[in-house]
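**Student:** In the order they appear, the protein sequences are chains A and Z. FYI, the numbering for the first sequence is 1 to 281, going by the working numbering. FYI, the numbering for the second sequence is 1 to 456, going by the working numbering.
Just so you know, these hints were derived from the structure itself, not from any lab. Just so you know, not all the hints are guaranteed correct.
Unchecked claim - Some chain A residues near chain Z, calculated using beta-carbon distances under 8 Å:
id, residue
1, A68
2, A84
3, L90
4, G106
5, T227
6, A275
Glycine included, every Cβ here is placed at the ideal spot set by N, Cα and C.
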Amino acid sequence: MFKILEKRMLNPTIGKLVVEAPRIAASALPGQFLIVRPDEKGERIPLTISDSDPAKGTVTVVIQLIGASSHHMVEDFGEGDSFADVVGPLGNPSDFVHASPEELKGRSYVFIGGGLGTAPVYPQAKWLHDHGVPVDVIVGARMESLLIYTEELASACDNLYLCTDDGSRGFKGVGTAQLEELVASGKKYTHAVAIGPMIMMKFSTLTCQKLGIPIQVSMNTLMVDGTGMCGACRVSVGGKTKFACVDGPEFDGALIDWDEAMRRSRQYKPEEAAAMENYGK
Amino acid sequence: MPVREQDPKVRAHNFEEVSYGYNKEEAMLEASRCLHCKNPRCVTGCPVSIQIPEFIAHVVEGDIDGAAGVIARDSSLPAVCGRVCPQETQCEGQCILGVKGEPVAIGKLERFVADNKTTVSEAVSTSPEADAPRTKVAVIGSGPAGLACAADLAKWGYDVTIFEALHKAGGVLAYGIPEFRLPKEKVLQKEIDEVTSLGVKIETDVIIGRTVTIESLMDNEGFKAVFVGTGAGLPRFMGIPGENLNGVFSANEFLTRNNLMQAFRPDYATPIHVGRKVCVVGGGNVAMDAARTALRLGSEVTIVYRRTENELPARKEEVHHAKEEGIEFRMLTNPVEIEGDENGWVKAMKCIRMELGEPDASGRRSPVPVEGSEFDVECDTVIMALGTSPNPLIAKTTPGLETTRRGGLVATEEGATTRPGIFAGGDAVTGAATVILAMGAGRKAAKAIDDYLKNN
Chain A
1 MFKILEKRML NPTIGKLVVE APRIAASALP GQFLIVRPDE KGERIPLTIS DSDPAKGTVT
61 VVIQLIGASS HHMVEDFGEG DSFADVVGPL GNPSDFVHAS PEELKGRSYV FIGGGLGTAP
121 VYPQAKWLHD HGVPVDVIVG ARMESLLIYT EELASACDNL YLCTDDGSRG FKGVGTAQLE
181 ELVASGKKYT HAVAIGPMIM MKFSTLTCQK LGIPIQVSMN TLMVDGTGMC GACRVSVGGK
241 TKFACVDGPE FDGALIDWDE AMRRSRQYKP EEAAAMENYG K
Chain Z
1 MPVREQDPKV RAHNFEEVSY GYNKEEAMLE ASRCLHCKNP RCVTGCPVSI QIPEFIAHVV
61 EGDIDGAAGV IARDSSLPAV CGRVCPQETQ CEGQCILGVK GEPVAIGKLE RFVADNKTTV
121 SEAVSTSPEA DAPRTKVAVI GSGPAGLACA ADLAKWGYDV TIFEALHKAG GVLAYGIPEF
181 RLPKEKVLQK EIDEVTSLGV KIETDVIIGR TVTIESLMDN EGFKAVFVGT GAGLPRFMGI
241 PGENLNGVFS ANEFLTRNNL MQAFRPDYAT PIHVGRKVCV VGGGNVAMDA ARTALRLGSE
301 VTIVYRRTEN ELPARKEEVH HAKEEGIEFR MLTNPVEIEG DENGWVKAMK CIRMELGEPD
361 ASGRRSPVPV EGSEFDVECD TVIMALGTSP NPLIAKTTPG LETTRRGGLV ATEEGATTRP
421 GIFAGGDAVT GAATVILAMG AGRKAAKAID DYLKNN
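Here chain Z stands alone, though its shape is the one from the complex (with noise of 0.2 Å):
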């Protein structure tokens, strides 16, 4: 059952939500067309085991909250995964259905039921036991491991407060995701709500690290356990020259600018500068969350990427829908200078072409300059979405807590990490991932700190 999405044409303009999401009629209609198989392989799939086929049979009844309640035992935040997870590659990349078909949509009914339930998600019987006293928990970080994390604590009774640095709640789901992929008011802040309605105190504007630090939560305000859920924010560059000429911008400021600052809207006070001609730089979701967005501020965009289209680390809708509102994509191409006008401002790319040559350890086949192949690409701005690390400032204030040479804090599966009492999770650990993953380390993690201070 196609979804119903804001023509492309339209919606190159404006910063409303892409997909319209399906109405009751339409969803009851796509759950019908699962299988129920006997060993659901969606389940496997989806990274926190959401038992798929045991809301959409609830879904097939036009039971909104009878879904949302069976969801609610895995995910604090179905409509935020609904929209943003890669489906495709966890439950229904496993879809029995999609060896010949159209998997069922499962991530278009999880939103589905999200947007439409009328319950608000309370205590839930996972508890390992539900009378734990009222011990205080500090959870570093208001991103999805933050929140999946703290969630779960209130609901097994215990005193959350999570620690923001920014002004504003949701981690890379307020600062990173444009509006029209998750609307932020309508979407994320109803999630957050849920979850403060379980209890959890949300405390912006606190460094961790700089405004007070781990310790001192600890020694000094009674926390008995800490989760760092800091994410990965530190953004890459390429090291090339020009890379500090005006108009070259990382995808983390233009997004900041954009989505957390509301740059986009008039009344708000961040300026945000876009040019004429601008080339994004990666492959990945957040070069075409950066790509679209300057597209919806007027500019004309093209995305550089040095491997082929099938390399492309973004999801495949968003590769398709980026395409549909009219950006231009150059693979195989890899910058090598930004070449600046007399006034220090950006003017050009110059970049060289790339091929694919042998697979390297990660099985991907790497791409090689073509000698001699070196053109321009004119533009005014340049964008870069490389990736980004995780910011060094927790480890750094924190003695005892190690790290590994790729800058994540060193954590067992469960997020135990070296220093007792303190557990990590999310891109903190293992550097930029998905939504999916860091709130199923969140969960984890929220068992092994309730373990924990079962036991001293």
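Only chain A is shown next, with the shape it has when bound in the complex (with noise of 0.2 Å):
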């Protein structure tokens, strides 16, 4: 069992939960996910891992509450409730992990977070900021209320933008525009690198194909076991069928066939939407 340590409320909709983990805190690296599985009677939820701690045993993960899973995760377990399951860390790490010193020296990031996808960044830009490479993060929500892990991504990079579509907070407008404004202004990123949902990581993509700078994401599709068994989890990349849980979850955003990923994504919204109304009855 896996013992839920600390739960809080992020914004209305983002739930943010420490778990008892020791061995996925001890291998854990960026760009890893994790999969959930609440209950017996639950299903295996894949989550990005938001940060870890390996002293303390622990792993973050933030839940955003769309289906009956999700609610069921953030709304029926509190401090103190145990996960049935918790299984990870899931797939490759990200590719700068394995980068040696000189490779590094020289790059410059840019991390587009958006939504839920903004605590993920986290880890990720951390690793970059603590090996001295310099990082830029964009952060994008709809309003003020619903931007998250400000504060932990302010201390884990160089420039912080945050960007809320009514103006509320910071830039007015999408990532991507505060992007394209800060190439405009003279900011310089070898690499980028998008995490959101899928439609925020496509026009990320677009976004810097236009800028020329190549761009990672880090495709949360359907899975079910998550260790390449099942194939729920394919996305066409470059033309090649690759399993996001294995051969992923990161790849190279203009390769990803992206109308494919989103209708697939969709696969289940019947199921899903039924399970929702019928969830708490």
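Each of the two chains sits in its own frame; use the hints to bring them together as a complex.
**Tutor:** Now the structure itself:
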């Protein structure tokens, strides 16, 4: 059993959980994810790791209240309760983790985090920041009250740019518009990373292609086992079928077939809607 | 002695076990047919050499626990093997009675014994040395190979921990084989419990190579030897256009959702999508399992296979059961493209007719397409059951472990890999094969591990 040590709502629809999982905490690297099965009858739910503390033996995940399972995990479990299963770390760490100091020299990163995807930007930005690589982070949300992880991120990068659709905080507009403005004003980035909803990653990719910045994206596909066994997470990357769980989750955004990826992620919509309908009944 | 089965019309709508198994009377009657040959060919036909006539002799007497004791010397999963072994090509295939009539129903007798014994198997006296020290051994994977290996090592006094990547033990027995062939709680869990009652610990949710590496188990956690029984879990796809349309699933995904995640039970959260018309591509046991699962979930199901019925790799019994339940078989048919509707969902599968050509290297006549014979099969779900291959994760994360071109770990007949102290067996070495072969390989490796640990 995996005990929940801390639970906090970051905004009305996103909860943050710190869970005891010593083996995962000891081996997790930026870019990896884990799978939670809340209880015996629960689904296996993939979540990107937002932080890990090997000394305390804990991992942090953030969960957005979307369907029945996410509501269940956040609303029906509290501090002191335990999840039946937490397994990971899954997937490959971000490429830069294996880069030599020489390779890292001369790189400068810009991260674009959207919605829930903002949290997993943190361990990546922090890793690079700690290794002396220049990092800027752009975080977008519809309005100020929905922005998350701003304090953590502020300490893990050189410049944090907040954007809101309604201008209630920071730049008025989406993250990609902020990025274009930064580049226009003379900022130079050798690498970009986008984490967030697929539609946001697609547009980040288009913007980065226009700006000539190579971009990695973290594919949050459907998944069952997360170990390469089921193939639910198939993604077309450069015309080849890849499994997000074992070949990813990060891929070159320019090579992704976005329309297919978004279509595939809607595969269980009717079943998910029905489950939400029944949730709490 | 025919075994009683659920009516096909009824069982097509439920997940209860198809076969009821023998009662004691039936079992004793069937057992009395055994001729007790001087050179029992059935034993040579059994990959783990169960002393078949000896256990049958106990059944004749009605001594079920005695029979169980005989089987336990060679098999740690009799209730499983009695159900899923291809007996027709193994023990029963060798039975002398089968030359002119029906062979002794050895598999059904084995199942009867395993289901009805009252004793729990314990340390038996096949131990090379009963007082082996409590040395720690790690077993990776809790499928048939791992369970068999762990059971033997525990009986010999080793301190054994099984690491399982999923949340439930059993490997393919848990995620792959459906409830109607292998009941999970009643049969599988009971046999796993017997293994843990020998002192074997099972740690679920640990993916070796990710959560912790083999090297770390050996260097930091004190394991002196490791057995890798990670199976062959990676699904194959055909590489034809349309394979990533919505509604195309690997058999692994479909079966995992249904079996491991229990999607067929309304109170379990995992969804499963099953269309009105399902096409299953492939002819093995997994194809039969997927087809019969889809049928039970309410679909019309067609199995598409590129050779003829004679070449179907599935067990005869499974094919027979599938037909009884109303599954359509389209032989000499191969998909060339999956066609989608405007929303990206499957609407049909374009197939080509095949004919059997010259025998290939395996001796089987290889199917060749008949030019210009393409036709559409209407369907809204396609399930690919084309076989599986070993997961590369362990080999990738363990320096010195070599693999074959087909992805299996290189290992000797006894299970020694290219790295000292690390052993392997089952599908992880051979590629997808049978439960009993995996179990046999696990037991051979247990012996090799015991020898290795005594000499090091």
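**Student:** Would you settle whether the hint for A275/A is holds or violated, based on the nearest Cβ-Cβ distance to chain Z being less than 8 Å?
**Tutor:** holds, 7 Å
**Student:** With chain Z as the partner, please determine if A68/A meets the hint condition of a C-beta pair closer than 8 Å.
**Tutor:** holds, 7 Å
**Student:** L90/A was flagged as interface toward chain Z. Is the shortest Cβ-Cβ separation under 8 Å?
**Tutor:** holds, 6 Å
**Student:** So, A84/A near chain Z? Judge it on the closest CB pair being under 8 Å.
**Tutor:** holds, 7 Å
**Student:** Quick check on G106/A please, does its C-beta sit within 8 Å of some C-beta on chain Z?
**Tutor:** The hint is violated - G106/A has no Cβ within 8 Å of chain Z, the shortest such distance being about 29 Å.
**Student:** Given T227/A was flagged as interface, is its beta-carbon under 8 Å from a beta-carbon of chain Z?
**Tutor:** holds, 5 Å
Going through the hint list in order, the structure does not satisfy hint 4, though it satisfies all others.
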